[in-house]
Every structure is written in structure tokens, then in C-alpha cells.
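Engineer: Now for the letters of each chain:
2 protein chains.
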Amino acid sequence: MEKTTPLSELGEFGLIKELTDDIQIKNSSTIVGVGDDCAVLERNKTTFTITSSDTLMQGIHFDLMYQPLKHLGYKSIAVNLSDIYAMNGQAKQVLINLAIGNRFSVEAIKEIYDGMKLAAEKYGVDIVGGDITSSYAGLGISITAIGEVDKKKIVYRSGAKENDLIVVSGDLGGAYMGLQLLEREKEVFKSNPQAQPEFEGKDYLLERQLKPEARKDIVELLEKMELIPTSMIDISDGLASELLHICQASNVGAAIYDEKIPIDPDTYHTAVDFNLDPYTSALNGGEDYELLFTIKQEDYDKVKGNPHLSVIGHITDANNGVYMMTKEGQAVPIEAQGWNHFREEE
Amino acid sequence: MEKTTPLSELGEFGLIKELTDDIQIKNSSTIVGVGDDCAVLERNKTTFTITSSDTLMQGIHFDLMYQPLKHLGYKSIAVNLSDIYAMNGQAKQVLINLAIGNRFSVEAIKEIYDGMKLAAEKYGVDIVGGDITSSYAGLGISITAIGEVDKKKIVYRSGAKENDLIVVSGDLGGAYMGLQLLEREKEVFKSNPQAQPEFEGKDYLLERQLKPEARKDIVELLEKMELIPTSMIDISDGLASELLHICQASNVGAAIYDEKIPIDPDTYHTAVDFNLDPYTSALNGGEDYELLFTIKQEDYDKVKGNPHLSVIGHITDANNGVYMMTKEGQAVPIEAQGWNHFREEE
Chain A
1 MEKTTPLSEL GEFGLIKELT DDIQIKNSST IVGVGDDCAV LERNKTTFTI
51 TSSDTLMQGI HFDLMYQPLK HLGYKSIAVN LSDIYAMNGQ AKQVLINLAI
101 GNRFSVEAIK EIYDGMKLAA EKYGVDIVGG DITSSYAGLG ISITAIGEVD
151 KKKIVYRSGA KENDLIVVSG DLGGAYMGLQ LLEREKEVFK SNPQAQPEFE
201 GKDYLLERQL KPEARKDIVE LLEKMELIPT SMIDISDGLA SELLHICQAS
251 NVGAAIYDEK IPIDPDTYHT AVDFNLDPYT SALNGGEDYE LLFTIKQEDY
301 DKVKGNPHLS VIGHITDANN GVYMMTKEGQ AVPIEAQGWN HFREEE
Chain B
347 MEKTTPLSEL GEFGLIKELT DDIQIKNSST IVGVGDDCAV LERNKTTFTI
397 TSSDTLMQGI HFDLMYQPLK HLGYKSIAVN LSDIYAMNGQ AKQVLINLAI
447 GNRFSVEAIK EIYDGMKLAA EKYGVDIVGG DITSSYAGLG ISITAIGEVD
497 KKKIVYRSGA KENDLIVVSG DLGGAYMGLQ LLEREKEVFK SNPQAQPEFE
547 GKDYLLERQL KPEARKDIVE LLEKMELIPT SMIDISDGLA SELLHICQAS
597 NVGAAIYDEK IPIDPDTYHT AVDFNLDPYT SALNGGEDYE LLFTIKQEDY
647 DKVKGNPHLS VIGHITDANN GVYMMTKEGQ AVPIEAQGWN HFREEE
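Just so you know, the sequences run in chain order A and B. Residues in the first sequence are numbered consecutively from 1, following our numbering. Residues in the second sequence are numbered consecutively from 347, following our numbering.
Hints are computed from structural coordinates only; laboratory data are not their basis. It is possible that part of the hints are untrue.
To give an idea of the interface, some chain A residues facing chain B are shown, with a C-beta separation under 7 Å as derived from the structure [as the list claims (entries may be wrong)]:
no. : residue
1   : S28
2   : I31
3   : I127
4   : Y136
5   : P265
Glycine included, every Cβ here is placed at the ideal spot set by N, Cα and C.
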């Protein structure tokens with residue numbers, strides 16, 4: 001019998017590496033292929049085209065029991081644009097592929113599309129194509145985002161250098177705590193459909209999970225500050241996983257400080273209520289869609305005191321590894337604990 | 347209760363129209379949005395970027411009972427590139443999104459990817475990104491194709507003019523007859539798993555269905571002939587459906603002649619064996635991925651006698667409607683009978 005390897009053995013990133021490792025670029029217009037937030041294509045003298053594509057599957061990425069369709073549409077666009085912003089680019093167009101089960105009505109699909117249009121409006125992108133097909137099994141959404149970036153301003157994952165400062169936008173762990181709340185109320189509802197959900201005062205966390213925003217504003221802020229990061233990535237799978245991507249691509253190590261990680265008080269208190277460590281939630285919880293980037297030391301004054309940005313650590317030599325330093329003075333090695341969809345399924 | 351409309355009431359094209367009718371283009375770099383084979387984006391002084399995205403879902407677009415995984419990978423790339431060629435463009439890059447159930451092994455996914463790489467090699471495109479995720483519902487493949495086209499040579503669906511000649515590449519109906527053969531043998535196999543499939547001499551038809559090619563060679567032929575069609579589309583849903591798209595986009599009518607429709611002898615005889623009308627199969631059978639285009643009368647000499655091209659009729663005034671003229675002298679109105687995935691599911 002032929003050898004068969006379960007997908008869970010490799011995980012998403014291992015599988016992608018296995019599949020794409022031997023790809024040779026043939027076209028001169030392909031500047032960068034697989035391996036960053038976006039592919040980078042030659043456009044004209046001064047700009048690159050950047051593009052990225054992602055899929056959201058019902059039951060894996062969203063649960064229609066608590067995910068409003070309109071928010072789902074909005075989120076599907078926002079999370080794809082996030083990859084364009086992670087290259088320091090401007091998002092311009094999206095292609096939308098929907099695979100829908102025939103239990104969905106025209107009105108339901110319109111709800112999803114209304115959310116997509118709302119996001120397109122908000123982020124200033126055009127919906128330019130895609131397709132709609134049926135599916136035997138629930139809803140699948142694939143979005144391709146297309147953008148442009150000034151050749152002098154493009155930021156890759158691979159540019160971090162020793163002593164660079166590590167910066168993160170917004171706050172972390174909120175989307176993960178929102179998910180915990182929703183999952184808890186789902187269980188309550190399953191055992192007692194009359195129960196009212198206990199979401200009072202939790203609006204921020206629910207919105208972080210159900211209707212996240214992409215940080216276009218941070219790209220604009222960087223432009224205004226005349227600050228070009230040395231490396232950047234968006235936080236979709238959790239700070240730990242993304243920091244490791246930057247370190248791997250840049251061949252460097254990193255030290256971050258737990259007390260510097262920005263955590264909203266709502267996230268903090270909710271984590272405590274759930275008997276979860278807030279720092280672990282911020283480090284490993286996914287779907288925050290904040291930007292993680294590195295800057296030169298000399299640019300510190302530009303970000304200092306900015307309420308949208310937190311300096312959480314610095315880049316080290318690769319031999320030093322990747323660590324989180326705790327308040328208690330411990331150095332905890334950072335390992336990838338982001339989502340492994342294939343493992344979750346087991 | 348709120349009104350709910352079943353998807354089957356609108357069909358794919360009706361639904362797309364309903365969802366996208368009110369979209370306003372905001373970016374100057376968006377030249378054409380929804381409505382042609384590709385979206386058209388500004389690239390540089392002399393070229394446009396063109397892009398298209400499509401999804402293939404297990405159970406809807408392919409049946410793993412008879413679709414070899416490697417061919418499936420090959421086909422998923424080829425059918426997406428077909429949209430680039432339908433704009434008279436050159437395909438350059440693809441993004442690949444895979445959604446896979448955990449019953450698939452790493453080896454199975456590699457088979458699919460090997461087919462994709464083979465197609466990428468053959469058509470000279472680079473695989474530059476995408477993602478892989480799990481799915482509760484079998485296999486889903488979304489491909490985004492990206493290409494370039496000289497601004498002076500781009501061909502839209504909307505350029506057909508009265509008296510233009512209607513031309514089709516290759517031959518039609520083969521993929522549909524291949525599907526009939528595969529479905530028949532599947533039924534035989536279900537009732538008797540020991541039965542050997544009867545595919546002798548049917549290689550051509552099976553290949554048309556399982557491993558179709560995109561007509562890059564026709565775009566190159568047009569270039570060599572110095573012939574720019576007035577309109578063009580690829581035949582994915584059947585000649586009838588695509589001709590109607592051209593007529594609608596160009597606001598014209600059309601007359602085609604059944605005896606001019608190119609049908610391979612294998613297709614013809616197999617249709618007869620199945621008690622199907624070969625012309626109807628050629629007209630309404632999908633997935634041929636040939637190019638359907640219109641040319642000015644004065645360009646007739648360029649295509650005359652070319653073994654890859656058949657002149658099947660001419661464009662008329664819109665008021666004349668869209669007709670097929672039979673050998674017997676009857677004028678049969680052409681109506682869309684392409685795939686309605688939502689109807690099939692019922």
C-alpha cells in the first residue's frame with residue numbers, strides 16, 4: 001500500500017512549504033511569489049501590484065449560529081485587505097468567490113454581499129469580479145485582494161535587522177476572547193434555548209471577533225510619520241506565530257516583553273473570568289488583524305507615545321532565538337501555537 | 347415572516363446581476379469590473395492587468411469517483427487561464443486556494459498540486475500564492491488567474507457589430523460526451539463493482555472532460571495572423587449561453603448554422619449512441635473551453651481554411667434575435683441552457 005500522511009502531521013505551513021518549495025519563477029513580472037503576505041508583481045516604473053487570496057469556510061472559520069451574515073461579508077473583505085496593508089500598500093480591488101449551499105436564500109446571500117459592499121465602501125476598494133457557485137456543504141468564501149504599493153515603500157517580512165524595535169498596532173487577544181464568549185453562549189443556548197445571552201458590556205470583544213477592521217489607518221499613519229518599517233506582517237494567527245514568521249524570513253531572533261503587549265481591559269478581565277492567562281490569549285489568540293512591524297532604533301521618536309502603537313521588544317541575533325520576557329524576569333521561548341486547522345478537525 | 351427567494355429562481359447569472367448591479371467603481375485604476383471574462387485594471391502606459399477568479403467544488407464541478415486528482419489540479423488551472431485568453435491576453439500568475447477535508451492525505455494534495463504545477467509549466471504561469479485551509483465538506487479549489495494584455499489588443503464581449511462573422515476554435519460537445527460516458531460507467535460500477543469500464547476508443551472525449559486545455563495557442567495564432575477579434579468569450583457553459591452573452595453585451599443578434607458547428611466524429615457517434623442530438627450537445631454541453639469570437643467580414647481571408655477555426659454564422663441586428671438555422675431550413679431560437687448549478691441541486 002502506498003504511504004499516506006495525515007494532513008495534521010504537517011499543518012498548514014508545513015504543507016504549503018512541502019507543496020511550493022520547488023516552484024521556480026518563470027515570468028519577469030513576478031517579483032515575489034509564495035512566502036509573504038502578498039505576491040508582488042511588476043506594475044510600472046514606480047509601483048508594484050500586490051495580491052493575496054484567502055478562503056473562509058463555514059464550520060472552520062465561522063459559525064453561522066452566531067455570526068451575522070452581513071458581518072461575515074464585511075469580515076471576509078477586511079481580513080483579505082489586511083494582507084495588502086501588511087505590505088504597506090493600498091488596496092484597490094477585490095474578486096469574490098462564493099460557494100453556497102441551496103439552503104441559502106437569495107436574501108441571505110444579499111445580506112453577505114451587503115456586508116462586503118459596506119467594507120468595500122469603507123476601505124475604498126472596487127468589487128471587480130469573481131463567481132458564485134453552489135456547494136453541497138455550507139458556505140465557502142474566497143476573496144482575492146489586489147493593491148498597489150510604491151516600490152520605495154514596500155515592506156516585506158524579511159527586512160528585520162538586529163536591534164530594530166518591534167511594534168504592534170492596537171491591542172491583542174480581543175478577537176480570541178470574543179470567540180470564547182460566543183462559544184460559551186452557544187453551549188448555554190444549546191442546553192436552554194430560552195436563555196438570554198450574557199453579552200453586556202462585551203461589545204468591543206464581540207466586534208473584534210465578528211466584524212474586525214483592517215488597519216488601513218496605520219498604513220496612512222506610517223505615511224504621515226514618514227516611517228517605513230523594516231519588516232511587517234498582519235496578525236491573523238496570533239502574535240507568536242507572526243513574530244516567528246518575521247524572525248524566520250529575516251533570519252533574526254527577537255525578545256518581547258509581556259508587560260508591553262497591548263491588552264484592552266475588557267480582554268484582560270474576560271480572560272481572567274475564563275481562567276485564561278491574558279498574555280497567552282494575546283500571544284496565541286488569532287484574528288486580531290493588527291499590524292506587527294519592526295523599525296530602526298533611530299525611528300523610535302516617531303512612534304513614541306502614539307496611542308495606536310506599542311513598542312513590545314526588539315530584534316536580536318538569530319542565535320538568541322525568540323523569547324518573551326515576563327515581569328518576573330523569566331525568558332519563555334515563543335513557539336508557534338497559531339491555528340492549525342487540520343489539527344482542530346481531529 | 348420575511349420573504350425568502352430560492353436561489354434556483356434566479357440562477358447564477360441572475361443572482362450575480364442582482365448582487366452587483368448597484369456597484370459603483372471608485373478607483374481610477376479599475377477599467378472594467380464585473381461583467382466580462384476578466385476584470386481589467388490599469389497597469390502601465392501600454393498594458394492592462396486582467397484577472398479572473400473561479401471555484402471548483404467537489405460534487406458540483408467534479409466527481410472524485412472518476413476524476414484523477416492530478417488531472418483535477420491541471421484542469422482547475424487550465425479553466426481559469428481560459429478567461430485570460432478570452433480577453434486576448436497572456437496569463438502570467440495564479441493564486442491557488444485549497445479547502446480540503448481531513449480525509450485527504452498529504453500525498454493526495456500533492457497529486458492535485460502536481461497537476462497544477464504541470465499546467466503552470468505548460469502555460470508558462472507562476473504559482474505566486476493563495477492559501478490552504480480545511481473544510482468540513484470535501485474539496486474546494488479557488489483559482490485566481492492574473493494576466494497582461496496590450497491595450498490595443500484587448501478584446502471584450504461587447505464589441506460585436508452587425509455583419510461580423512462568428513468564429514469558434516476547435517470542436518464542441520466533446521467534454522459533455524466525455525461526462526456522459528463517465529457517468530454511465532459510474533452507474534455500471536455502482537451496480538457491479540467487478541465490471542470493467544467501456545472506454546475503448548474514447549480517449550479524446552475523456553480527455554476533453556477530465557484534462558481540458560485552454561486555448562493559449564489560439565491567442566498566439568490570432569497574433570500571428572494580425573487578427574484582433576471584435577468580441578470574444580470562452581466556452582465554459584456551452585456555445586448557446588456564451589453566444590447570448592456576446593449578443594447581450596454587444597446589443598446585437600446572431601444567426602449560426604448547425605452544419606457549421608465543429609463536432610468531432612467521436613463526439614458525434616457517441617451522442618448518437620446515447621440517443622442525444624449531436625448539435626444540441628455541442629450547443630448546450632459545457633466545459634469545452636474553446637474560444638468563441640467575432641471578426642470583421644474583411645478579415646475572413648485570415649481564418650478561411652484554418653483547421654483550428656470554424657466560421658459558424660454572423661452577427662445580425664439586435665431585433666432579429668439569436669437563432670440557429672438548421673440544415674432543414676428551420677430557424678430555432680437559442681436560449682440559455684447552460685449549467686444552472688442551483689437548479690441541478692434540487
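Engineer: So, for every hint listed, does it hold in this structure?
Structural biologist: To see whether the hints hold, each was checked on the structure:
Of the supplied interface hints, the one on S28/A is violated, with its beta-carbon coming no nearer than about 9 Å to a beta-carbon of chain B, more than 7 Å. Evaluation of the I31/A hint against chain B yields a violated restraint, the C-beta minimum of about 9 Å exceeding 7 Å. Against a cut-off of 7 Å between C-beta atoms, the interface hint on I127/A holds, since the closest Cβ of chain B lies about 5 Å away. Annotation: interface hint on Y136/A holds; nearest CB of chain B at approximately 4 Å, less than 7 Å.
Of the supplied interface hints, the one on P265/A is violated, with its beta-carbon coming no nearer than about 33 Å to a beta-carbon of chain B, more than 7 Å.
Of the numbered hints given earlier, the model fails hints 1, 2 and 5; all others are met.
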